[in-house]
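Listed below, chain by chain, are the residues.
2 protein chains.
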Amino acid sequence: MIDNRLNPQFYIIGVGPGDPELLTIKAVRIISSVDVITYPSTSQEKSRSRQIISKYITEHHKELAYNLPMEIDPSKAQAAYDQVSKEIITRLKEGYSVALLCEGDPFFYGSAIHLYLRIAGKFTTQVIPGITSLTASPAAAGLPMATRNEIVKILPATLDISKLETELETCEAAVIIKVGRHLEKVVHAIRNKRLREYALLVLNVSDDDQRIISFKELDRVKQHQYQPYFSMILISRHKRAVP
Amino acid sequence: MIDNRLNPQFYIIGVGPGDPELLTIKAVRIISSVDVITYPSTSQEKSRSRQIISKYITEHHKELAYNLPMEIDPSKAQAAYDQVSKEIITRLKEGYSVALLCEGDPFFYGSAIHLYLRIAGKFTTQVIPGITSLTASPAAAGLPMATRNEIVKILPATLDISKLETELETCEAAVIIKVGRHLEKVVHAIRNKRLREYALLVLNVSDDDQRIISFKELDRVKQHQYQPYFSMILISRHKRAVP
Numbered sequence: 234m235i236d237n238r239l240n241p242q243f244y245i246i247g248v249g250p251g252d253p254e255l256l257t258i259k260a261v262r263i264i265s266s267v268d269v270i271t272y273p274s275t276s277q278e279k280s281r282s283r284q285i286i287s288k289y290i291t292e293h294h295k296e297l298a299y300n301l302p303m304e305i306d307p308s309k310a311q312a313a314y315d316q317v318s319k320e321i322i323t324r325l326k327e328g329y330s331v332a333l334l335c336e337g338d339p340f341f342y343g344s345a346i347h348l349y350l351r352i353a354g355k356f357t358t359q360v361i362p363g364i365t366s367l368t369a370s371p372a373a374a375g376l377p378m379a380t381r382n383e384i385v386k387i388l389p390a391t392l393d394i395s396k397l398e399t400e401l402e403t404c405e406a407a408v409i410i411k412v413g414r415h416l417e418k419v420v421h422a423i424r425n426k427r428l429r430e431y432a433l434l435v436l437n438v439s440d441d442d443q444r445i446i447s448f449k450e451l452d453r454v455k456q457h458q459y460q461p462y463f464s465m466i467l468i469s470r471h472k473r474a475v476p
Numbered sequence: 234m235i236d237n238r239l240n241p242q243f244y245i246i247g248v249g250p251g252d253p254e255l256l257t258i259k260a261v262r263i264i265s266s267v268d269v270i271t272y273p274s275t276s277q278e279k280s281r282s283r284q285i286i287s288k289y290i291t292e293h294h295k296e297l298a299y300n301l302p303m304e305i306d307p308s309k310a311q312a313a314y315d316q317v318s319k320e321i322i323t324r325l326k327e328g329y330s331v332a333l334l335c336e337g338d339p340f341f342y343g344s345a346i347h348l349y350l351r352i353a354g355k356f357t358t359q360v361i362p363g364i365t366s367l368t369a370s371p372a373a374a375g376l377p378m379a380t381r382n383e384i385v386k387i388l389p390a391t392l393d394i395s396k397l398e399t400e401l402e403t404c405e406a407a408v409i410i411k412v413g414r415h416l417e418k419v420v421h422a423i424r425n426k427r428l429r430e431y432a433l434l435v436l437n438v439s440d441d442d443q444r445i446i447s448f449k450e451l452d453r454v455k456q457h458q459y460q461p462y463f464s465m466i467l468i469s470r471h472k473r474a475v476p
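In order, the protein sequence lines correspond to chains A and B.
If you read the first sequence in my numbering, its first letter stands for residue 234, the second for the next number, and so on.
If you read the second sequence in my numbering, its first letter stands for residue 234, the second for the next number, and so on.
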């Protein structure tokens, strides 16, 4: 305990897409060993990342839930990151080891990046990679993404439709992330580029309510039924091999 | 045991980039429960994926090591995949559950894809995602890859230099994989696109001999010193925050 306090450690831990079994051995070991666990949480909903690791929380852990505004107003988000970093740094200065939980992987589109940039220069920091939905979704859908010299692009659905279309022209495979309310735009881009037969919509991957929807099915139903936040579209020329 | 034999299961398991602690809980559970473990192995070197999971192998496991030629001659590779699938299918027909090990993640540039396509249509198959070096390398290097609406491209170093340069022009971040003997070409593309300050070479990520090399360092040493097979180049506009 004393050694730990002389050299407080900051960990940023990828906890995977949702299924607690997709945690790594390393994530579990570190979570079990630290003093403080910190995670984003809003007043509306309980923390998803805390839920993923909940069975490893014991009474010796201190918890620090922090509130982050949605990223629409960058100036507000920056002030919030400043405030959260300050609170984490206070714990580290007191000598506590701190694990920051991050859904998926910390360095791919995670808000943990903003806290990393504010804290890692000041304290010994270790980033533990996590299973990202970029790989969990193809695995769940049975859709191989790329072999040999094929290009895969990760494209946020927030991009302009013309940009999306241009990028889709010059790759064999793509993962379109953050689909949510941009579903209609993305569907248009995929239709325009004649990629319908190669595309799958994956919702809530690795959760109990996971769904995998082909574009044929999507045409049959009202699109607005399928716009959860945790959705992505996979595009791949490879075949699914479903029995 | 009898139930298992009536419904043999085929698992394709991502075992991560090298560090056994980057195995998922799910991978360990399934590996511990199956009858047969199968993995690629050459006469020259012991199987890397078997090494990653070696502490979970018990005397009840049967092992099936298979030899795959390097992918340079596609016709030979196809015949080899046919042969390996046949052997796996024989075990499944005998009623044994089989876990095929795959370094990193199965569906991103893994040779497991070829076996998946031959077997998954015939037997109940589950693909378990693994930590890929695409996320393990940024985590090890302390280099955040992307936030918000930034594009990340996965570019095999085997591509033409002109294609590489064109793709690098229209993204914020990239992971250039399979660098190996293409290092010099990739370095040229990065120089031509003035991306040197954003690029890092990562060797043998998560292994004992992991190395992270900036382009400044790379200029100082003879390039041919750094061409191991397990190498990738990360390009990101985000900062590393190293103490």
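Hint data in this document are derived by calculation from the structure and do not stem from the laboratory.
One should not assume that every hint holds.
The list makes no distinction among identical chains, and a pair is therefore deemed to hold if it is satisfied within one copy or across any two copies.
Straight-line distance between alpha carbons at most 20 Å, and here's what the computed EDC-like set of lysine to aspartate or glutamate pairs gives [stated by the list, open to error]:
(1) K418 x E383
(2) K411 x E398
(3) K319 x D268
(4) K309 x E405
(5) K411 x E383
(6) K418 x E398
(7) K472 x D315
(8) K279 x E450
(9) K279 x D393
(10) K426 x D315
(11) K411 x E320
(12) K288 x E254
(13) K396 x D252
(14) K411 x D442
(15) K288 x D441
(16) K355 x E430
(17) K355 x D441
(18) K309 x E320
Status of the hints after comparison with the structure:
no., hint, result
1, K418 x E383, "between (25 Å within a copy, 18 Å between copies)"
2, K411 x E398, "within (16 Å within a copy, 27 Å between copies)"
3, K319 x D268, "within (17 Å within a copy, 51 Å between copies)"
4, K309 x E405, "neither (38 Å within a copy, 24 Å between copies)"
5, K411 x E383, "between (23 Å within a copy, 12 Å between copies)"
6, K418 x E398, "within (11 Å within a copy, 28 Å between copies)"
7, K472 x D315, "between (46 Å within a copy, 17 Å between copies)"
8, K279 x E450, "neither (32 Å within a copy, 46 Å between copies)"
9, K279 x D393, "neither (32 Å within a copy, 48 Å between copies)"
10, K426 x D315, "neither (42 Å within a copy, 34 Å between copies)"
11, K411 x E320, "neither (29 Å within a copy, 41 Å between copies)"
12, K288 x E254, "both (11 Å within a copy, 19 Å between copies)"
13, K396 x D252, "neither (33 Å within a copy, 38 Å between copies)"
14, K411 x D442, "within (18 Å within a copy, 36 Å between copies)"
15, K288 x D441, "within (17 Å within a copy, 31 Å between copies)"
16, K355 x E430, "neither (50 Å within a copy, 23 Å between copies)"
17, K355 x D441, "neither (40 Å within a copy, 26 Å between copies)"
18, K309 x E320, "within (17 Å within a copy, 59 Å between copies)"
The structure is inconsistent with the numbered hints 4, 8, 9, 10, 11, 13, 16, 17, although it conforms to all the rest.
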